[in-house]
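Add chain B to chain A, keeping to what the hints say.
Protein sequences appear in the order of chains A and B. Using our numbering, you'd call the opening residue of the first sequence number 73 and step up by one each time. Using our numbering, you'd call the opening residue of the second sequence number 153 and step up by one each time.
No wet-lab data here; the hints were simulated from the structure. Any given hint might turn out to be false.
Distance windows between CB atoms, simulated [unchecked claim]:
1. B:L372 <-> A:P172: 46 to 52 Å
2. A:M329 <-> B:R171: 31 to 37 Å
3. B:R177 <-> A:F239: 27 to 33 Å
4. A:T178 <-> B:L200: 54 to 60 Å
5. B:A167 <-> A:F239: 43 to 49 Å
6. A:R431 <-> B:A266: 30 to 36 Å
7. A:V227 <-> B:R177: 35 to 41 Å
8. A:F243 <-> B:R347: 48 to 54 Å
9. B:A167 <-> A:S396: 52 to 58 Å
10. B:R347 <-> A:V116: 41 to 47 Å
By construction, the Cβ of each residue, glycine as well, lies at the ideal position given by its N, Cα and C atoms.
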Amino acid sequence: MTSDATSASVGASTGAAAGPVKDGPAAARGPRGGRGATAYPRYVAGKVAGAAVSLLAVLVTSFFLFRLIPGDPVKFMTGGRQVSAEQLAVYREQFGLDLPLWQQFTDYCGKALTGDLGTSYQFNAPVVDKITEALPNTLLLTGTAFVLYTVLGIVLGTRSAWRNGGFGDRFHTGLALTLYSLPSFWLGLLLIVTLSVGIGPLPGLFPTGGMESGGGEEGFAYAVDVAHHLVLPVVTLVAVEYGQTLLVTRSALLDEMGSDYLTTARAKGLRDDLVRRRHAVPNALLPTVTLIFINLGRTVAGVILVETVFSWPGLGGLFYQALSVPDLPLVQGLFFVFAAAVIVMNTLADLIYPLFDPRVGR
Amino acid sequence: MTTEKIPAARPRGLAWQRRRASAARFWRQYRAHRAGVLGLATLVLFVLLALAAPLLVGSDVDDVTGAPGSPLERPSAELPFGADRFGRDLLGLVIWGARVSLLVGLLAAVLSVAIGMVIGVTAGHFRGWYATVIMRITDWFLVMPTLVLAIALATVMSRSLLTIVVAIGVTTWPTTARLVRAQTLAVETRPYIERARALGGGHWHIMSRHVLPNVMPLVLAQTTLIISSAILAEATLAFLGLGDPTVVSWGGLLQDAREAGAVSAGHWWYLVPPGIAIALVALAFTLCGRAVESVLNPRLGVAR
Numbered sequence: 073m074t075s076d077a078t079s080a081s082v083g084a085s086t087g088a089a090a091g092p093v094k095d096g097p098a099a100a101r102g103p104r105g106g107r108g109a110t111a112y113p114r115y116v117a118g119k120v121a122g123a124a125v126s127l128l129a130v131l132v133t134s135f136f137l138f139r140l141i142p143g144d145p146v147k148f149m150t151g152g153r154q155v156s157a158e159q160l161a162v163y164r165e166q167f168g169l170d171l172p173l174w175q176q177f178t179d180y181c182g183k184a185l186t187g188d189l190g191t192s193y194q195f196n197a198p199v200v201d202k203i204t205e206a207l208p209n210t211l212l213l214t215g216t217a218f219v220l221y222t223v224l225g226i227v228l229g230t231r232s233a234w235r236n237g238g239f240g241d242r243f244h245t246g247l248a249l250t251l252y253s254l255p256s257f258w259l260g261l262l263l264i265v266t267l268s269v270g271i272g273p274l275p276g277l278f279p280t281g282g283m284e285s286g287g288g289e290e291g292f293a294y295a296v297d298v299a300h301h302l303v304l305p306v307v308t309l310v311a312v313e314y315g316q317t318l319l320v321t322r323s324a325l326l327d328e329m330g331s332d333y334l335t336t337a338r339a340k341g342l343r344d345d346l347v348r349r350r351h352a353v354p355n356a357l358l359p360t361v362t363l364i365f366i367n368l369g370r371t372v373a374g375v376i377l378v379e380t381v382f383s384w385p386g387l388g389g390l391f392y393q394a395l396s397v398p399d400l401p402l403v404q405g406l407f408f409v410f411a412a413a414v415i416v417m418n419t420l421a422d423l424i425y426p427l428f429d430p431r432v433g434r
Numbered sequence: 153m154t155t156e157k158i159p160a161a162r163p164r165g166l167a168w169q170r171r172r173a174s175a176a177r178f179w180r181q182y183r184a185h186r187a188g189v190l191g192l193a194t195l196v197l198f199v200l201l202a203l204a205a206p207l208l209v210g211s212d213v214d215d216v217t218g219a220p221g222s223p224l225e226r227p228s229a230e231l232p233f234g235a236d237r238f239g240r241d242l243l244g245l246v247i248w249g250a251r252v253s254l255l256v257g258l259l260a261a262v263l264s265v266a267i268g269m270v271i272g273v274t275a276g277h278f279r280g281w282y283a284t285v286i287m288r289i290t291d292w293f294l295v296m297p298t299l300v301l302a303i304a305l306a307t308v309m310s311r312s313l314l315t316i317v318v319a320i321g322v323t324t325w326p327t328t329a330r331l332v333r334a335q336t337l338a339v340e341t342r343p344y345i346e347r348a349r350a351l352g353g354g355h356w357h358i359m360s361r362h363v364l365p366n367v368m369p370l371v372l373a374q375t376t377l378i379i380s381s382a383i384l385a386e387a388t389l390a391f392l393g394l395g396d397p398t399v400v401s402w403g404g405l406l407q408d409a410r411e412a413g414a415v416s417a418g419h420w421w422y423l424v425p426p427g428i429a430i431a432l433v434a435l436a437f438t439l440c441g442r443a444v445e446s447v448l449n450p451r452l453g454v455a456r
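Okay, chain A solo, but in the shape it has when bound (with noise of 0.2 Å):
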């Protein structure tokens, strides 16, 4: 059969060329071609199940290896106070840490199935209303980033590859490189540095952290305010994560370039722009694709340090105080959300790619 040899050969280049997206949805599995229209809801059937599986299997994870931390929660949730054994009975109690292991990891995965993560220990309310309430903020800060780095790295990376080798090319790789290199947070806290706080001469620019000001707006002065203390995080954000992006566009353009078909278009005649822009980037797109989503997952569970770094109201602040207590059941819940959010896109990327992709899992 030889739809089996094309899998596994589409499988190998991608992990090989694309560098950091690994193989991702052109590993399907064994002969999925030449049976027509029921191949692809059977790939939707293999890849959903499979997001499940590891859905599951990160759920049983974060509830043994949070389990791992030295010390006694209890402790933690008084504060150093003098508690009489009593009252740490009834603390027990109440947070179910009287029950055996087992009974823990029952009750824990029979409430998770109903949606509910437990109560936090610091802020004595249930994880789910701490996490809806930070997440959209999240959504904001990282949406917002992600948007722009991916526009900027695809329009980079294409420009960078069709003049190849020359100065623009060099200097946009250079920088991407850099800029890839350089730990977000130092980053974030140089930008605050010079930006919000100001070395000499130069003013306070944006907020130094948090979302808002507090001071009462509404409507479109409210709007602003967040805007102008969006900034910063969202450009930290973007120079860090741009890289990738134009780097894979960059290299998968450049696998294509030399392809027949461009030789052939420009050969009739078309102007240089448009064999670019119709006929080699929509091909070379194929591995930046997956990227795209991988990255949207990953973005969500990367903010912890600029949200940290920026006082930002997010999931990624949340899980830094989580851990700094640490209060269990918050930390068992937001990493929870947080490997979600990248196996839901991953899959995504999965069910996507095919129709991008027809030799893919048809």
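Relative to chain A, chain B alone:
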């Protein structure tokens, strides 16, 4: 001409000569990549600094009691980088910190690549249920957010350098495993593998003598790139306060700076040197990795 002088009775000598020749060829092509050479030079400089640190700054550089400057002193002729929040010499601390950052980066990358290589080669060599199960596990690790998992592991285990190495090593291996498996599958279809099998070569013989040498170049490039991200991860974990508090590292220095309020006070000179050091070393490893990659696979078209 020299090849003809080697008598046929000494295949080992012949093999070594070939190896030397291919190493020389590799170096010739590597030298053509200016960025790669620049990266290598930076690395050599940092490694020399790290090795010579006891001679240059002395091991009492992190001693709080005998600190040469006053807390948060500005850069001056005596203390070119200024002083940290305990009055210690920042230049000395940054040089001393290179030891931890490079060591942790190297060890974590070696651990990560070793796991990835064993898993990748075995999963590519043994088909059937073993490969299926192993690749399922790899896929599962691949979708876990690496940083979050590393933070979780570092939180769970005790604060030490080993913890950091393990936390980074066991969370970054899946990419290597995938790459190595793909390469192993490609190598295993070649006729000489069939020949080796026909002559009675066992699994171990085929994996160690035929597959491994063909996978090694890829692994080398991958290692260099992983060291770069391991150094960044080490700095990140130390910055979050999950590192060993008793050793000086670049990430730890930045955490100190933040805790001392250097950000809101505008003490930029406290923040800049450790961050530049991290970025330089991470960039240098990335440049080397890309140069190695493009020597091995010229189709990637890395700018020279």
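Next on the checklist: Let me make sure I understand: some of the numbered hints might not hold for this structure. Which ones are they, in numerical order?
Outcome noted: Checked against the structure, no hint fails, so every one of them is satisfied.
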